[in-house]
Amino acid sequence: MKKKKYISFVLAGLLTLSYGCNDDSFLDREPTNILLDEQVWKDESLVLSVLANLYGRFPDFQTIESWATFTDFDEAFASAFGEYGRHRNTEYGYGSWGFWDYGYIREINLFIQKCEATTALSETTKARFLAEARFIRAGVYFEAVKRMGGVPLILEPLTYDYSGDASGLRYPRAKEYEIYDFVISELEAIKSTLPAEVNTKSRATKGAALAMKARAALYAGSIAKYGATTPNVSLPNGEVGIPADKANGYYQTALTSAQEVMTLGYSLYNKKPDLGENFASLFYDKANNPEAIFVEDFKLKSGKVQSWTLDNQPRFQSEEQQGGRLNPSLNLVQSFEKLDNTFAPFPISDENGNLIHYSNPTELFAGRDARLYGTVILPGTQFKAKDVDIWAGYLRKDGSIVTSGNLGGQADVDGDGQNEQVVGFSGPIDNLEFSAQTGFYVRKYMDPQVGSGQIGTRSEVWWIRYRYAEVLLNAAEAAFELEQPALAADYLNQVRTRAGLTTPLTTDEVTFDRIVHERKVELAFEGHQLFDMKRWRLAHQVWNGSRISVQDLTSNLGKANKVSTMVYGLWPYKYYDPAKPGTFDWVFKIVLPSQVTNADRFRLGNYYSQIGDDIVNNNPKIIRNPNQ
Amino acid sequence: MKFKIHLCLMLLLGLGLVSCEFDNYDEPKSMLEGRLVYNGEPINVSYNDVSFQLWEPGWQKKTPINVAVDQDGSYSTVLFNNTYKLIIQPFQGPFKSKTNDVTKSDTILVEVKGSQTFDIEVLPYYMIRSAQLTGSGNKASATFKVEQIITGLDAKSVEFVGFYTNKTFFVDRSSSNNIASATLNGADITDMNNISLSVDIPAINPAQNYVYGRVGVKIAGVEDMIFSPVQKINL
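First to last, the sequence lines map onto chains A and B. Sequential numbering from 1 applies to the first sequence in UniProt numbering. Sequential numbering from 1 applies to the second sequence in UniProt numbering.
It is possible that some hints are incorrect.
Once the Cα atoms are required to be at most 25 Å apart in a straight line, the calculated DSS-like pairs of lysine-lysine come out as [said to hold, decoys possible]:
hint, chain 1, residue 1, chain 2, residue 2
1, B, K62, A, K621
2, A, K621, B, K104
3, B, K156, A, K225
4, B, K85, A, K621
Please keep in mind that the hints were generated in silico from the structure rather than gathered at the bench.
From just these sequences and the hints, can you work out the full model?
So this is what it looks like as C-alpha cells:
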C-alpha cells in the first residue's frame, strides 16, 4: 500500500515536470559527452586527434597484435591449443584476408572534405593534415587492391538521401591497375607537402609516402609480369589482372621512388657490433632508429600497448605463466644462408645416416646469416639474459629416448635410481601448448625490457610498416626486373652486408630466386609473405596442398617455388653414453609436430579474396572475383 | 498465487506459438539430380572442389545456390519449381563448358517441375581410360591410358598424372584425402596409352586389408584434376 502511494507521488511529480517543460532551451542542450563538428574544426589539437583515430585504424593483415596469423603459412607453428586448427586445415577459405571497409574510407573522405572547408587552421597545418589524410586513404586503397583486386574508387563522402532508391551510391569496381595508379599518383602528389623528417615515424612523412609508392609500384609491376603465368586469375574487364605491357613502367616507378627515399637520410640500423643482436634491436630500439620509416607506435601506461612479447616469450623463466605461442618453423630457419652465400640444410646426420654430435646446441647454427639469430630464438641462446632451455630429452646410445610430458619433467636416465631433468623447461614437448614445439621461439619484435612479458605492463615496441631495408630490397627487385643486375646486386649487398654476409653477390648471382629468398629471410614475421607470394603468383605452387617429406623439406633450398606446405621442427637431444657418465653431446632430429596433419593448399581463387554476397546484393555492379 | 500467474503466462505463450505462421512459403520439394558427363560418361572430380551455380529468378536478392559435385561427377539439390539458370563458372573443373543451343552462351536453363534427372554435358580436356588398380602386400599399382579430348587451339598439356590411395572412400590430391600417392610429370610420360604408377601403402591404424584408390590427370593451367572412378583395392 505504501509502495503504491509512493509510485503515484512520483508519477504526479513527473507529470508536473513534463507539463512545465515547454522551453526549447531546456531540452536542446549541448551534449557533454561528444564533440560536435564545429567544435572540432576550430581547434588544431582536436583535428589532430581525429586524424590520430584514422591512423589508428590503418589496416594490417599480419601484425604483432595478431601473432596467430603468422602461422597460417610456413613461417611458424602455432603452439597454442585454440590455434592448432591452422595446421589441420587444407584449403584457405575464399574469404580469407578480405578487406572491404567503406565506412573507414568514408570517414577519411569526410575528414578531407571538412579539412578543405575549414578556415580555422593555418595554411601549413591544413595542408599537412590534408596530405596525411590522403596518405592514409592511399594506404587503405593499396591494402584493398592487394587483397580484393580493383575496388570501387570512392573519393568523396557519399550520402544517402532517404529517397528509397540507393542506386546512385552504387559504383562499379575499378580496374586493378587503376587503383594502383591512384595510389601512386596520390603519393606522388602529397610527398612534397609532407615533412621530410627522418625522426617522424608514426605520422606520414615524405619518406613514408615514397616508400609506400615504391612498394605499390613494385606490386603492380610484378602482378603485370607474373600474372601472365596464371591467365585464369583475371577478369575480362581488368578488375583483376594487369596487362603485361605495363610491367616495366611500374618497375621504373618503383626504382625511382625507392631511390628518392635513399636521398632522405634514412640508413640501415647498425648500432651494435654483434650483428645478430643488431638485427634484433633494429625492431625494438625506438631511439633515433634510422631505419624505421613508418610505424604503428605504442606507449606504456597509455592504454595502447601490445602483447607480442607476452604471447611469445620463452616459456622458461617467462614473466607470466604463458608465452611461447609462435614457434618459427624449420622451413624458415634452414633457409638462412651460410656465410659463403650457399644454402644447406642443417648437418644433423652424416651420409650413413648416423647422427652428428655437437658439444653445444648453438654449434649447429653457427656460421650462418646473422639474421637467423635476430629473427629466431635458437636452442642454447638467451632472452632477457636468461637461458631458454629448449631440449627434447635424452637419447640413449641404444636409440631409446628418455623424456617427459611436463615442462622440465624428470626421469631416471642413467639407471642409478635418481631422477634427473629430462626435458627443457621450454619444451619441446609435442602437443603441449606454449612449449617450443618446433624447437624454436621467435625473437623478432621481442621486447627485452623488464615487464614486457607481464599482463599488467606489456610492451611499447612499435610495429614497423615500412623500413629502409625493404626499400632497398624493393629497389633491388625493380632494378633486377629492369635488367640492371649491377644495381640490383649493389642494393642487395647493402642489406646482406648488414646481415654479416660479407662476400658480395656478383651480378650473375642476382636471380629471381635470390630476390625471393632475400625478402623471405629479411622480412620474415613482418607481414610481407602472403602478399609477396601472391604478386609473384608463387602462392599456388609453394602451398600446393601436397604433403612434404623430410627429403622434400631439406632439398631445393633457395628455390623460389620450393613446396612448403607443412611446418617442421628441429629438436635437440642430449646424447647419453653410459661409458661417459656426467657428460653429454648434442644431437638433433627433424620432427613434424603431430598437430600438423594436413598440407596448406592455396587455390587460384585465393589470389583475390571473395567479395561477400551481401555486398554484391546491395550493389549488383560489383563483379565477383575469379575461380571461387 | 504466484504459481497461477506463471501458469497463465505459460499458457499464453503456448497459445502464441500455436497461432504462429512460421513461414509463408512451402519448403522446396523438387529434387534435381544428375551428373557431369561427356558423351554419357561421368566426369570424376576431386572431393568438394568442383561446383556450379544455380540462379533462381524472381527474388529480391541475387545469391547463387552453389551445388557441389561429388567425386563421381554426380550432384543433387532440392529446389522450388521454377526455371533456373545453371552456370558453371569459368575455370571450374577439368573441362570447358559447352555452348548452350538455347541461350547461345554457357548458361543452361533448367526447368524444374517436380523431381527429375538432368545431366550436364561438358567437354573435358582429357579422359582416363581403362584404369586398372591392383594391390598386393603393402603395394598398390595402377595402369591406365590418358586420352586427349580437346585438341587444337584450346588444347592443354598434361602437367602430371597421379595415383592416390586413401583408407576411406574420399580419394584425391588434397593431403586430407590420401595416405599415399605417386606422381609422374607430364614431360616424363613416354606413352599416354600405357602409364603405370605404384605406391607403398603405409601402415593403417586400425588395420585394414584394403584401400581406395584412383588415378588422376592434372592439366597445365587448370586447377581441378580429372580422375578415374574410385575403386577398392584389396591388399
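For each hint, the structure was consulted:
no.: 1; hint: B:K62 with A:K621; in the structure: holds, 12 Å
no.: 2; hint: A:K621 with B:K104; in the structure: holds, 23 Å
no.: 3; hint: B:K156 with A:K225; in the structure: holds, 22 Å
no.: 4; hint: B:K85 with A:K621; in the structure: holds, 19 Å
When the structure is compared with the earlier hints, no violation turns up for any of them.
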